[in-house]
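**Student:** For the record, the sequence lines run as chains Y and R.
Counting in our numbering, the first sequence runs from 4 upward without gaps.
Counting in our numbering, the second sequence runs from 122 upward without gaps.
Hints listed in this document are in silico derivations from the structure and should not be mistaken for laboratory results.
Treat each hint with caution, since some may be false.
[Said to hold, decoys possible] Some but not every residue of chain Y turned toward chain R, in silico, with C-beta under 8 Å: (1) E44; (2) L113; (3) G117; (4) G230; (5) T258; (6) M279; (7) E281; (8) S284; (9) Q288; (10) P291.
[Claimed, not checked] BS3-like mimics (lysine-lysine), calculated; alpha carbons at most 30 Å apart, straight line: (11) R:K320 x R:K193; (12) Y:K282 x R:K329; (13) Y:K53 x R:K302; (14) Y:K158 x R:K329; (15) R:K321 x Y:K282; (16) R:K321 x Y:K128; (17) R:K285 x Y:K57; (18) Y:K214 x Y:K185; (19) Y:K130 x Y:K36; (20) R:K199 x Y:K36; (21) Y:K39 x R:K178; (22) R:K199 x Y:K282; (23) Y:K150 x R:K248; (24) Y:K128 x R:K320; (25) R:K328 x Y:K39; (26) R:K193 x Y:K50; (27) R:K199 x Y:K53; (28) R:K328 x Y:K282; (29) R:K193 x Y:K53; (30) R:K199 x Y:K50; (31) R:K302 x R:K329; (32) Y:K184 x Y:K150; (33) R:K188 x Y:K36; (34) R:K285 x Y:K160; (35) Y:K36 x R:K178; (36) Y:K238 x Y:K184; (37) R:K178 x Y:K128; (38) R:K321 x Y:K158; (39) R:K320 x Y:K158; (40) R:K285 x Y:K158.
We put the CB at the ideal spot given by N, CA and C, even for glycine.
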Amino acid sequence: MAFESLTDKLQNVFKNLRSKGRLTEDDVKAALKEVKLALLEADVNFKVVKQFIKAVEERAIGADVMNGLNPGQMVIKIVNEEMVALMGSETTEIAFQPGKAITVIMMCGLQGAGKTTTTAKIAGKLKLKGKTPLLAACDVYRPAAIKQLQINGEKQKVEVFSMGENQKPANIAKAAIEHAKKNGNNVVILDTAGRLHVDEEMMEELQEIKKAVEVHQTLLVVDAMTGQDAVTVAKAFNDQIGIDGVILSKMDGDTRGGAALSVKAVTGKPILYVGMGEKLSDLEQFYPDRMASRILGMGDVLSLIEKA
Amino acid sequence: MAGFFSRLKEGLTKTRNNIVSSIDAVFGGFSTIDEDFYEELEEILIMGDIGVNATEKILERLREQVKEKHIKEPAACKELLIESIREQMQVGETAYDFENEQSVVLVIGVNGVGKTTSVGKLAGILKDQGKNVLIAAADTYRAAAGEQLLTWANRAGVPMIGGKEGADPASVVYDAVNAAKARGVDVLLCDTAGRLHNKKNLMEELKKINRIIEREFPDAHRENLVVLDGTTGQNALNQAREFGQVADLTGIILTKMDGTAKGGIAVAIQSELNIPVKYIGVGEHIEDLQKFDPEQFVNALFDV
Ligand SMILES: Nc1nc2c(ncn2[C@@H]2O[C@H](COP(=O)(O)OP(=O)(O)OP(=O)(O)O)[C@@H](O)[C@H]2O)c(=O)[nH]1
Ligand SMILES: Nc1nc2c(ncn2[C@@H]2O[C@H](COP(=O)(O)OP(=O)(O)OP(=O)(O)O)[C@@H](O)[C@H]2O)c(=O)[nH]1
Ligand SMILES: [Mg+2]
Ligand SMILES: [Mg+2]
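Chain Y with its partners taken away, still in its complex shape (with noise of 0.2 Å):
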């Protein structure tokens, strides 16, 4: 729906931006209006936008326009490098220990984001890589929380550690790896609880789970959907916690997914899969260069582009 008429408009743009050459201020200028609307509709952080078009504007102007392309298309085609690099330029997977050794995953992030889904999905990836998962239920709060993840686990066939709801989650993780070393898992992932980034207590908790047993990698489950507060909610979740990387799930609603662009930037963690639907099969890689032309909204336009 927005989609086309964002084309549309950029076409026009570029209709009236005639320089031959390089690009000059007033080109970058235009063009670059029309993707700080299309980046704020998207969700992109307002702030994060501001940046961005700023590095943009710095690089483009007064570069060269390649054959085959009008200004307004070259100054696109730097935005899309730009934001392809900043969101990682390749894909990235989750890394484990060497060896026997167990890796062991803290899954975290805001209440409803799609902790205990994700981890159920990853569990069916890693078991499809010959690993071993253990799930462990650390959510002692949610109403059916450990159901949740036991109903989840079974459907994966994989097994999950819990001890009900009145122990520390931080005990539970500790007991779930002791299990995993007598039952040979090499992976245990930590299913927490949703929580807020204001919320001391509940951070606390998530810093006492990596005090009590070495957490290797760190994930931060995003909604794709979330808007400007993105940033702020990783922001805190990697300062008081620490993250290694991020899953952003619900991306097969139709969101643009700024919030993909906004959590990268403050946080510099690679996004490693994406969420792509309720069941436990739909979990996919994460592309950069997809994220990108789907954040810009400019299909069209990007493949206009790769053809030149």
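Could you slot chain R with the ligands onto chain Y? The hints should help.
**Tutor:** Showing chain R with the ligands alone in chain Y's frame:
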């Protein structure tokens, strides 16, 4: 009420100083109403998720009023702006009539926004008012959805009608509606599975549920509430639009307002689709659901 505001405020104070520049600084920091001033306002509104379009509309109206009323002081601008958004966010006088009538409340929305929790909280509120409440567990899809809702039903002290995992959700609603009629229930609350609004078949399923309520209980007062996560950005507009195709939406429950998100997307929805926010979720406890107060909402949005 004080509870909601202090919680909301408490959450907001944490970021107020570093992330969102306070509006007072803006109004106080400018001696004249110039382009820089409007730009700063634009930033505050967009950072609150109000969106580019609604922000433009709001600022356009402000510019007009500033001209008409010959306003020179940035501080006077502040009151104007707050007043206009507050007015827009007013909840109608009949908004909560369903509480006092025989009604069916259908709760819908995308995944993980807080539907089940909100149903539990609403059941608690109504039960406390002495109402005879019944809950229908029409999410037969998500793992342990039924168990989760049952915990809430028990907390609220109200009965629940459910189905096995994988059962037809429409048949659960059918059973619940007929039980509600037979038992003389005051308010029937229907929880539904989360679904993204761009999934055709899942939206058809909701339409079917809606038709069944209409057919089986035509005399009931209908309340169709879409639940929106307060941290959601511009996509919430699409959500409200598409869920509005399933059933006539009578209101919004805006959840997770105890975080730092401002829920400003509700302003965009109100202005484009004219759907009022009726409740606000401010936590995970049963008492953490409040009737919407435009005054407090706007104050928090602008941090005055
Ligand atoms: N469409 C879609 N739904 C998803 C995806 N990932 C998770 N969900 C749904 O989102 C809702 C919330 O998922 P959960 O896994 O319970 O989220 P959580 O982060 O564990 O929630 P809390 O433990 O309450 O904080 C459920 O309805 C899931 O089915 C996804 O990639 N796409
Ligand atoms: N902080 C906070 N958390 C909330 C609020 N409302 C709900 N939650 C939490 O958000 C998560 C998801 O809530 P649910 O009620 O399961 O959401 P749902 O819409 O029923 O989810 P699905 O059925 O999976 O689509 C849970 O962890 C809730 O405790 C709120 O107002 N504030
Ligand atoms: Mg969970
Ligand atoms: Mg639910």
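**Student:** Hints broken by the structure, by number, lowest first?
**Tutor:** Violated hints (numbers, rising): 6, 8, 9, 10, 11, 13, 17, 19, 22, 25, 36, 37; every other hint is consistent with the structure.
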